[in-house]
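**Student:** Given the coordinates of chain A, assemble chain B onto it according to the supplied hints.
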Amino acid sequence: MKIAVCIKRVPDMEMRFSIAADRKSLDQGGLKYEMGDFDGYALEVALQLVEKQGPGEVVVLSLGPDSVQETLRKGLAMGATRAVQLKADEVPFDGMAVAQALATELKDGGYDLILFGRMATDTASGTVGPMTAGLLDLPCVTSISQLDIASGRGTARRDLEGASETVEFPLPAVLTIDEGITRARLASLKGIMAAKKKPLDVRPAQLGPARLTVESLALPAERPAGRIIGEGADAVPELVRLLRTEAKVL
Amino acid sequence: MGSMFAFAESRGGELRKVAFEAVTAARTAADASGGGEVHALLIGAPGLAARAGELGRYGADVVIVVEHAGLERYSPEVYAASMAERLRPGGYRAAFFAASAQGRDLAPRVAASLGTSLASDVTEFEIKLDAVLARHPAYTGKVIVTLHLTGEPALLSLRPGAVTPVESPRTARIESAAPAMDPAVARVVVTAMSQGGGARLDLGEAPVIVSGGRGLRSAENFKLVEDLAAAIGNAAVGATRAVTDDGWRPATDQIGQTGRLVSPDLYIAVGISGAVQHLAGMRTARTIVAINKDKDAPIFKVADYGIVGDLFEIVPRLTEEIRKAKG
Chain A
1 MKIAVCIKRV
11 PDMEMRFSIA
21 ADRKSLDQGG
31 LKYEMGDFDG
41 YALEVALQLV
51 EKQGPGEVVV
61 LSLGPDSVQE
71 TLRKGLAMGA
81 TRAVQLKADE
91 VPFDGMAVAQ
101 ALATELKDGG
111 YDLILFGRMA
121 TDTASGTVGP
131 MTAGLLDLPC
141 VTSISQLDIA
151 SGRGTARRDL
161 EGASETVEFP
171 LPAVLTIDEG
181 ITRARLASLK
191 GIMAAKKKPL
201 DVRPAQLGPA
211 RLTVESLALP
221 AERPAGRIIG
231 EGADAVPELV
241 RLLRTEAKVL
Chain B
1 MGSMFAFAES
11 RGGELRKVAF
21 EAVTAARTAA
31 DASGGGEVHA
41 LLIGAPGLAA
51 RAGELGRYGA
61 DVVIVVEHAG
71 LERYSPEVYA
81 ASMAERLRPG
91 GYRAAFFAAS
101 AQGRDLAPRV
111 AASLGTSLAS
121 DVTEFEIKLD
131 AVLARHPAYT
141 GKVIVTLHLT
151 GEPALLSLRP
161 GAVTPVESPR
171 TARIESAAPA
181 MDPAVARVVV
191 TAMSQGGGAR
201 LDLGEAPVIV
211 SGGRGLRSAE
221 NFKLVEDLAA
231 AIGNAAVGAT
241 RAVTDDGWRP
251 ATDQIGQTGR
261 LVSPDLYIAV
271 GISGAVQHLA
281 GMRTARTIVA
291 INKDKDAPIF
301 KVADYGIVGD
311 LFEIVPRLTE
321 EIRKAKG
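Chain order of the listed sequences is A and B.
Just so you know, we're using our numbering here: the first sequence kicks off at 1 and counts up by one.
Just so you know, we're using our numbering here: the second sequence kicks off at 1 and counts up by one.
Derived by calculation from the structure, the hints in this document are not laboratory data.
The beta-carbon is built from N, C-alpha and C at its ideal position, and this holds for glycine as well.
A few of these clues could be false.
[Stated by the list, open to error] Below, a list of computed lysine-lysine pairs in the DSS-like style, where the Cα atoms sit at most 30 Å apart:
#1 A:32 to A:87
#2 B:295 to B:324
#3 B:301 to A:24
#4 B:326 to A:248
#5 B:223 to B:326
#6 A:52 to A:197
#7 B:324 to A:248
#8 B:223 to B:295
#9 B:301 to B:223
#10 B:295 to A:248
#11 A:198 to A:248
#12 A:248 to B:223
#13 B:293 to B:223
#14 A:107 to A:52
#15 B:301 to A:32
#16 B:301 to A:248
#17 B:324 to B:223
#18 A:2 to A:248
#19 A:32 to A:196
#20 A:107 to A:87
#21 A:32 to A:190
#22 A:197 to A:107
#23 A:2 to A:198
#24 A:24 to B:17
#25 A:196 to A:107
#26 B:128 to B:223
#27 B:17 to A:248
#28 A:248 to B:293
[Claimed, not checked] Computed footprint of chain B on chain A; a stretch qualifies when at least three of its residues, placed anywhere within it, have a C-beta under 8 Å from a C-beta of chain B:
#29 115-126
#30 160-170
#31 196-207
Chain A extracted, bound-state conformation (with noise of 0.2 Å):
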């Protein structure tokens, strides 16, 4: 079986953001970078597909600068195969400008599976996986939290609000990947020292037209500061008040 895995370099969710001078970019100061989480797990649906099923190949693709080769080299240390940096000076907001490039690398790769995280957790929308497997005209499940292959076909689970489908389908196929349905492994020391040697091949992103772009950033509108009314249960009638006489949603 040959996987690709899209991954994404995205900044840690747990730092505090500023906006640069630009009002359209992040003040790069102070953060630190990592894989994103769903691509995380994608990646280890991917790798343990192959060694269930094996034998197999397992390549990660990334998008953007050069920075991103170290987000590849953490998923060959998780045991992809080899790696694809797409080279483009940065990540366009538009997730169609990167499907495109994506659907052009992937297109006539044999690749049995196309698996993406439900979405980057930096930009938050979800749109690149089906996207991209629309522009191949691949079939798509999005958003899964189970998964079973078996002779060339696929079940997976969605989970809707309230519910959830049970979804069929052939291979060749892209596949969005939620939580819930594995854990990421950590990278061995082993698999780290093993990765220097794993091709990393570059190439340029034939990216497509940008229609989306970014006007500008802004931290959200503070809250007005919390008010903490009073201790204990005794607290509770003028809860009931407030709720009712001031913020009226009783």
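**Tutor:** Positioned in the frame of chain A, the structure of chain B alone reads:
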């Protein structure tokens, strides 16, 4: 003047609240840009046409009804193809979807099919002459991105709850259409759907959410949260990631960056410290109440009303007072 398109999401033959939100958004957009028409698309099993009038009540001038016996359940390829077929000839300035599980699956497929771009999980928008501006919370809600979207139609998926449905009644014209592809030849097939929890309110649709965290100490103690939700009446029960990871509640109840993103009128956080991951999912609630024993817990920084103390005393008392007040 531009016409607007709205996808009216339904499940099991019933319209979902997000359908009215999408139609309201399209109506607002049409009225703000010279009063074009709003066309809503309804797709599913036969019988759905009976729901078209409800969309007229929220401002749809035309309801396109696509019915087929093979569409008892969601069919991503048939839905996307039918929508793209309607949008491809042009004439629509913008198309609105919900950023629901279904809308998030569908909208990017439609975008790829049309070769256009999509702004996802939008909380506010503005139709300009040559572009659409859309606000989207990113970076776990810590940064608000204003996006500039060009091309026609501009595709937007709206965060559930971000738009309040507003009536703008009219008698909608109904146009019947066949699906753009035969459901029998779809490659991706939803073979089963299981409704969790029967008739209970969905987190994305409930005006009130009562949510519990590790402070409850056990799965059994969620009864306190459920009793409070029941006393309020129109409330759903949510949970933190720690709680769903421990299996106290189903994963689908998780509110936070990696779970559901909600904007209810009232959010009551019980025994929740307020980790970044959780705040990302609920900080846009209109009113937040926090009950926690640690007065320094971050949840109190975002709570409009906080009570410090033992939730095992405070929550039953709150349930009782609300019952009395409602009584």
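**Student:** Which numbered conditions among the earlier hints are violated in the structure presented, ordered from lowest to highest?
**Tutor:** Hints 11, 18, 24, 26, 31 not satisfied by this model.
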